[in-house]
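Peer 1: These protein sequences, in sequence, are chains A and B. Mapping the first sequence onto this note's numbering, position 206 (from 1) lands on 206, and the numbers just tick up by one. Mapping the second sequence onto this note's numbering, position 163 (from 1) lands on 163, and the numbers just tick up by one.
By construction, these hints were calculated from the structure, which means they are not laboratory data. Be aware that a few hints might be false.
[Claimed, not checked] If you want the footprint, here are the derived chain B segments under chain A, 3+ residues with CB under 8 Å:
| no. | segment |
| --- | --- |
| 1 | 116-122 |
| 2 | 125-137 |
| 3 | 248-257 |
| 4 | 282-288 |
Heads up, the beta-carbon is just placed ideally off N, CA and C, and yes, glycines get one too.
In case you want the letters, here they are:
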Amino acid sequence: MPQPRRLVEGNEAVAEGAIAAGARFFAGYPITPSTEIAEVLSRRLPQVGGHFVQMEDEIASIGAVIGASLAGAKALTATSGPGFSLMQESIGYASMAQVPCVIVDVMRGGPSTGLPTEPSQGDVMQARWGTHGEHSIIALVPSSVAECFSLTVEAFNLSEAYRTPVILLSDATIGHMREAVALPTRDELRVAERGEPDVEPDDYDDVMSTVDNIMPRPALGSRYAVHVTGLVYDRSRGGVPSTGTPSVAEGLGLYLREKIYHHRDAIARVEELEMEDAEVAIFAYGSVARSARAAMKWARRQGVKVGLVRPITLWPFPMAAVDHMAEQVRTIIVPEMNLKQMSWEVQAAVGGRAKVVDHGRIDGKLIRPEEIQNLIRREFYYHHFEETA
Amino acid sequence: MSALVDEELLEHAPHDTSLPRVAPHRTGEITQHLRTPKTLWCPGCSNGIVTRALIDAVLALELDPDRTCVIAGIGCAGRITAYLNWSTVHTAHGRALALATGAKSADPGLNVIVVMGDGDCVAIGGNHLIHAARRNIDVTAIVFNNSIYGMTGGQMSPTTFEGDLSTTSVYGNVEQAFDICELARAAGATYVARGTSYNYLRLAQLIAGGIAHKGFSFVEAMVACPTYYGRQNGVADPAEMLKVQKARAVPVDEFDHDGPRLRDRYPVGVLHHAERREYTAAYADVVRRAQAESRG
Ligand SMILES: Cc1ncc(C[n+]2csc(CCOP(=O)(O)OP(=O)(O)O)c2C)c(N)n1
Ligand code: SF4
Ligand SMILES: [Mg+2]
């Protein structure tokens, strides 16, 4: 039985999604527009036997999340731009040391203190490359309250399956929006449990975890004497640091990349609307996808063939879907609340097969459907539009 | 690791009866708790002495090794994680106490021991020290204080004494050194102790006392870094450096608190001991109340 429909705020849906996904630890530091996630979880976590802690800063928060995850708990933190910047070193640590955890970044205008209460999509590249060094990452972008819930659950499932940090990129609009939703109950969801490796402690070594069979990391305080480090480590020797052998460093780096990239098609989800016969596609994510959808519907009413490709997974980049889109349409419109961050990525993937039209905004205002409609008009300059934009 | 420990002498060393009794183990028993007999530590470095003292303390308290984990930062001291064969976490520089807070909160039954260098603990990680102490979370933090950044090759640290030379204080350090025990006490630690690598048995006992204490325990181990501190500051012979520790260390009940401190003399022993509600126990109460309310 689903719960009754009620008005839920995006940030609250993230918090409830975390509880439903089995998260039992949250550490964070208050920051607009993410704070409600901490507030809700400070009430909800102890009710389910979990633990909430407000740390001294965001560096401490992500540190505590990693510690809790290593001790066996599903753990998350939530923040916004300035805090997300502070967390970067340890996000790299979680990636290197293969620690499952979820980082929610409710994006606001930046850089620096920027526009604390206004939405932005300025952190999409930081989510990908914010920490130093070669690494892979998974990032999901909700575009509705229902998705704040479902993608939080998905974020935990992916982080467990691939033993990696997963970033949920919400924004000030999505986080503070209220929609009537019936949140699913626990038994309606697929929730990945961590478990233990199916190898006895004496026989266990991290190298048994392959790209196709990623084993759970044993918890601190379990029968396994685990060693965790952010140094390059030898997966076949108890994970002890090994910084003097180039082949070990390369092998680890490639493994960390491949364990995600090899599964890219399974991880990278997109929603495609009206794409069957589209001549022009809009590639839009998060809150901007809502305006893009309205613009697409307007265009269809006007009789022009416009479709929408909405990445739900931003990283790894949904290459297959973009490839398919590039083969089909002549123009791809990429509206986003930053200056071309994903548009560059789309352009690189499209490789000249279609025209890529970017449209950016960094004034803290949402991109309105009319702005996208104007771009569509230009692509169909020969068409007579009845309605004005 | 055993070179500086005379096992015969140790067996007859006087115990401090106010602290848990630690019967020093033979090298063969100690090395069973190591992944490797080889370390990166320089000959004459005190880090091995403190590592051994930690193993002796854990054995004396009969902690379950499966339920004991050591979380450390980055630096020469942090390398301990690659040597001990319990569950160990080598975190980012300065972050050991943040990870420990998460691990202990998620699994309050875990014995969590944190090892940090002085830079790790009071420079980059200083904020976490203050707040872990304030929370009084049941973690034992051990600082290997060599008054220098060892790992990066001898730069000044917040515990480098005024006037000391380092590769980044070539004209003599003009900054005042932290008394990190005072800092931990002021921030709310409920067990604060200082020992030296010179006095092995007392150090092991002080560590054991910290682990046995319920609450945030802070143990400062004065250690010698002959390679970078010693060579730049006149005394590079490891044995001489230990003798300097002996000369400066004054048992806390004989210590004149109005006299000069730190460089010339410092109190050793249990400097502060108080009972205060421990953090994870207090939070367990929150869980009970929240669950009662949500059911009711
Ligand atoms: C964020 C960050 N900054 C700087 C460093 C470089 N670094 C490694 S160890 C260290 C200092 C070590 O000194 P200390 O903590 O006293 O430990 P010791 O080596 O003396 O035991 C520094 C600055 C780093 N690893 N990470
Ligand atoms: S540099 Fe100093 S602290 Fe580091 S191992 Fe050598 S002697 Fe020990
Ligand atoms: Mg040091």
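Peer 1: Next, verify each hint and record whether it holds.
Peer 2: Verification of the supplied hints:
For a cut-off of 8 Å, the count of residues in the segment 116-122 of chain B with a CB near a CB of chain A stands at 0, and the three-residue condition is violated. Coverage of the segment 125-137 of chain B by chain A holds in this model, with 4 residues showing a Cβ closer than 8 Å to a Cβ of that chain against a need of three. With a threshold of 8 Å between beta carbons, the proposed coverage of the segment 248-257 of chain B by chain A is violated, since 0 of its residues qualify and at least three are required. Taking a C-beta to C-beta cut-off of 8 Å, the segment 282-288 of chain B contributes 3 residues in contact with chain A, enough for the three needed, and the coverage statement holds.
In this structure, the earlier hints numbered 1, 3 are contradicted, and the remaining ones agree with it.
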